[in-house]
Amino acid sequence: MALKTVGKVAIYTLLILIAASMIIPFIWMISSSLKLNKDVFSFPMQWIPENPRWMNYSDIWTKIPLGTFIYNTAKLTVIVTILQVLTSSFAAYAFAKLQFKGRDALFLGYVLTIAVPWQAYMVPQFIIMRHMGLNNTHLAIICLQAFSAFGVFLMRQFYQSIPDELCEAARIDGLSEYGIYAQIMLPLSKPAISTLVIFTFVNTWNDFLGPMIYLTKTELKTVQIGLRMFISQYSSEYGLIMAASVVALLPVLVIFLSLQKYFVQGVATSGLKG
Amino acid sequence: MKGNKRKTLIAYTFIAPNFIGFAVFTLVPLVFALGLSFMKWDGANPMQFAGLDNFARLLKDSTFKRALWNTVAYTAGVVPATLVCSLLLAVLLNQKIRGRNFFRTVSFFPYVASLVAVAAVWNFIFSPTKGPVNGLLNAITGIPYSKLPGWSASKDWALPTAVIFSVWKNMGYYMVIYLAGLQGVNPELYEAAALDGASGRQRFFHVTIPQLAPTSFFVLIMLVISSFKVYDVFINLFAGGDNQLNDATRVLVYQIYNTAFRALEFGYASAISMVLFLIVLCVTLVQFAGGRKLEG
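Those protein sequence lines, which keep their order, are chains A and B. Numbered according to the numbering used here, the first sequence spans residues 744 to 1017. Numbered according to the numbering used here, the second sequence spans residues 193 to 488.
It cannot be assumed that every hint is accurate.
Said to hold, decoys possible - Ranges of calculated distance between the beta carbons of each label pair, as one might list FRET restraints:
(1) A:Gln900 with B:Leu201: 24 to 30 Å
(2) A:Glu793 with B:Leu329: 23 to 29 Å
(3) A:Gly876 with B:Lys288: 57 to 63 Å
(4) B:Lys257 with A:Pro795: 47 to 53 Å
(5) B:Val276 with A:Lys806: 38 to 44 Å
(6) A:Tyr755 with B:Gly235: 54 to 60 Å
(7) B:Gly235 with A:Leu757: 50 to 56 Å
(8) B:Thr205 with A:Gly810: 37 to 43 Å
(9) B:His398 with A:Pro795: 42 to 48 Å
(10) A:Asn879 with B:Val377: 49 to 55 Å
If you're looking for bench data, these hints aren't it; they were derived computationally from the structure. We treat Cβ as the ideally placed atom computed from N, Cα and C, and that holds for glycine.
Take these sequences, add in the hints, and give me the full structure.
Below you can see the structure in the form of structure tokens.
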């Protein structure tokens, strides 16, 4: 009995230590975002600043066009997510539920590329985009993110778990394929769509290398590369950097906490399929 | 017959919106990448066929070799460390304990957090002379600052810092995969082991680990592939305002980026891309072979 208690205590101590190491950087970030530069590194540190400097949070909007960055990122994220969900669930329906010539060959195209790292073809992709006049446009990021093989994969896998009889019955009732997709499959696939939404959202919001290649004009930048630019320009404005970081984190935190269930399910299923 | 044609046509309308985008922005660039690696091109003047020149140049290019070596070293550090940490965390959080969901959420959060933002905090906290980590180390051990690790600011500590950072950031993600794997372990195996008088440690090594072998294999492959693609971790931890990395910190994707977009050597950059592609391809082939074997 005593041994069990000791074990329990050990486990909780360990877990609390791990949780602390996960959270402390974020608390440190928030705490520093409310400090003067000279107080950020005072040791021992003051976790709750005596005179919280809320001004940091108003200054960041004028020091860099943070509002523009957030607007750009939000716009890109929403458009990419909608396109991704629509086009990939649309295509996945055909791959999962329709019989047609060339289906397997087309799907093989997706399968073969899913393992190819984007970094291996980002250079020719850039050349093609530039040729189309898309360099330094948001459209480039949209084209880059919206048509992933991953989305088609995920949705197809989910649709395959829905019995074919359901579609057959709907066909006999006279529903067209588009009708079946819109009225039966789409409403049924809420869990898969939630997973796809949250993955696409986080990926697009946090994407770094894509915007870094395509968006060199300041007014086009996203939060990530805008923040990066800010950090390299004002490297000693510790308080402001932390305040901007908090702002950059917040939307993803909100989305994550509200859709957490789907997120965890998504990771688990995409992990298990391997 | 006519019905079939119509069916195919309808199916194509379903696939077209995604497939056109996919073909133009993924398939075409992919084929183009292979061709480009045999060319010499600055992006403005006409392309020249270069045969194997780009690949011959790779063999003599010491910065490329440095980048490849750093990437391999980073992979060698990050893969086992993440694997072990996420497995242990999953086993801990698979028990019936209070606050389990809280601990799971907290462990997962660094994974979704913006890398630029957390790398900035990280660099502050691990700042060699001002940061609280070295401050604490100094206060506890009494070792002078000059002898404490320089973390991301020093050549020797750069790679370990990147490894620690990545483990911290990603272990929650792999923990979730392990948790899913643990759901699939038959509880009767634990009961049988307990009946045989197996201790907790024995159960871990003789039931959990072997039962999780397929999951571990999958995690291993994912980790290797993702660490060969690393770029943003290194730029955000180590690069200054000019986004340049030095010999101690350059990695493969940085080398591709710099060769293409700074030096404007698109052909040579594609040759480096092919190296990355081949490495990932080999890992994927191992995955296929191993997956078959594990499935029996």
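Checklist entry - Against the structure shown, which of the earlier numbered hints fail to hold, in ascending order? => result 9
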